[in-house]
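Got chain H sorted already, so can you dock chain F onto it with the hints?
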Amino acid sequence: MDQPIVFLSPQSVAGQDGVQVVDDVSHEVTAVLLSDGTPAPQPCSYRSADA
Amino acid sequence: MPGNIDPIWSKVGDIQAVGVSAANTSSQGGGTIGSDIFLAFQADATNGGYVREVRWSLGETTIGTASTATVGRVFVSSVTSGTTTTSNTHLIAEVGLATQTPTTTLPGVPITVPLDFALPPNYTILVTNSVAPASNTQWKAVVIGGKY
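Residue numbers (our numbering), protein chains in the order written: chain H, 15 to 65; chain F, 126 to 273.
One chain only, chain H, in its complex shape:
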């Protein structure tokens, strides 16, 4: 399941949308991606888009 997110840091991606990909069975996060599908820079922080 893709959960829409908004990045808080680093500055290079702050404010951008992305997705937190969560496995439907294990409920573990398998990837954190920018809106273009590339992996998010590490370290980073983000919140749910609906939070």
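Honestly, the hints are just simulated from the structure, not real lab data.
Every residue gets a Cβ at the ideal spot worked out from N, C-alpha and C, and that includes glycine.
One or more of the hints may lead you astray.
To be verified - Distance condition first, Cα-Cα at most 20 Å in a straight line; then the derived DMTMM-like pairs of lysine to aspartate or glutamate:
hint	chain 1	residue 1	chain 2	residue 2
1	F	265	H	64
2	F	136	F	241
3	F	265	F	185
4	F	265	H	42
5	F	265	F	219
6	F	272	F	185
As the list claims (entries may be wrong) - Here's a subset of chain H near chain F, in silico, CB distances under 7 Å, partners left out:
hint	residue
7	19
8	22
9	30
10	39
11	43
12	56
13	57
14	58
15	59
16	61
17	62
18	64
Leaving out everything else, chain F in the frame of chain H:
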């Protein structure tokens, strides 16, 4: 002569808490308080405080929602607001917060992290989660301690 020859006991209980609403992938203490690192406890400004434990409790606005597995991190810090760095905020515990699905008949299970130490005046306990919470769920860090 020592500064204090008596055991230090807290004069009154002090329970503070915060809900974690964002993800912070770093375990090195960097962040912005209230944005991606959260203030769970602030010691008494004059005499400091005692912290016994952090209790991670899962709250849900819609019961029956599976939480997303995450890591709960606990930091001790000299900072009370604004930006934290690795030089003033220090990781003291990490604990796995596995997925839970509380229902109307199956309760969630709190996860307790023992602390058991004294905090200098205005020092803080900060907390983070490694991933963002699922919709309608939130891990809350409840710190149980006292004021000196």
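Checklist entry - Measuring from the C-beta of residue 62 of chain H to each C-beta in chain F, is the shortest one below 7 Å? => result Result: holds, 5 Å to nearest chain F Cβ.
Checklist entry - Is the hinted pair residue 265 of chain F and residue 64 of chain H satisfied, with a Cα-Cα distance of at most 20 Å? => result holds (18 Å)
Next on the checklist: residue 265 of chain F and residue 42 of chain H were given as a pair; does the straight-line alpha-carbon distance stay at or below 20 Å?
Outcome noted: holds (19 Å)
Next on the checklist: Next pair to validate is residue 272 of chain F with residue 185 of chain F; report whether the Cα-Cα distance is within 20 Å.
Outcome noted: violated (30 Å)
Next on the checklist: Let's test the interface hint: is any C-beta of chain F closer than 7 Å to that of residue 61 of chain H?
Outcome noted: holds (4 Å)
Checklist entry - Does residue 59 of chain H pass the interface check with chain F, least Cβ-Cβ distance below 7 Å? => result holds (4 Å)
Checklist entry - Would the stated hint for residue 56 of chain H survive a check requiring a Cβ distance to chain F of less than 7 Å? => result holds (6 Å)
Next on the checklist: Does the closest beta carbon of chain F sit nearer than 7 Å to the beta carbon of residue 22 of chain H?
Outcome noted: holds (5 Å)
Next on the checklist: Under 7 Å is the threshold here; is the Cβ of residue 39 of chain H close enough to any Cβ of chain F for the hint to stand?
Outcome noted: violated (10 Å)
Checklist entry - Holds or violated: is there a CB of chain F closer than 7 Å to the CB of residue 43 of chain H? => result holds (4 Å)
Item to check | Restraint satisfaction for residue 64 of chain H [CB to CB of chain F, less than 7 Å] | outcome: Holds. Min distance 6 Å.
Next on the checklist: The hint names residue 19 of chain H as touching chain F; please verify it with the least Cβ-Cβ distance against 7 Å.
Outcome noted: Nearest chain F Cβ about 6 Å off; hint holds.
In this structure, the hints that do not hold are numbers 6, 9, 10, in rising order.
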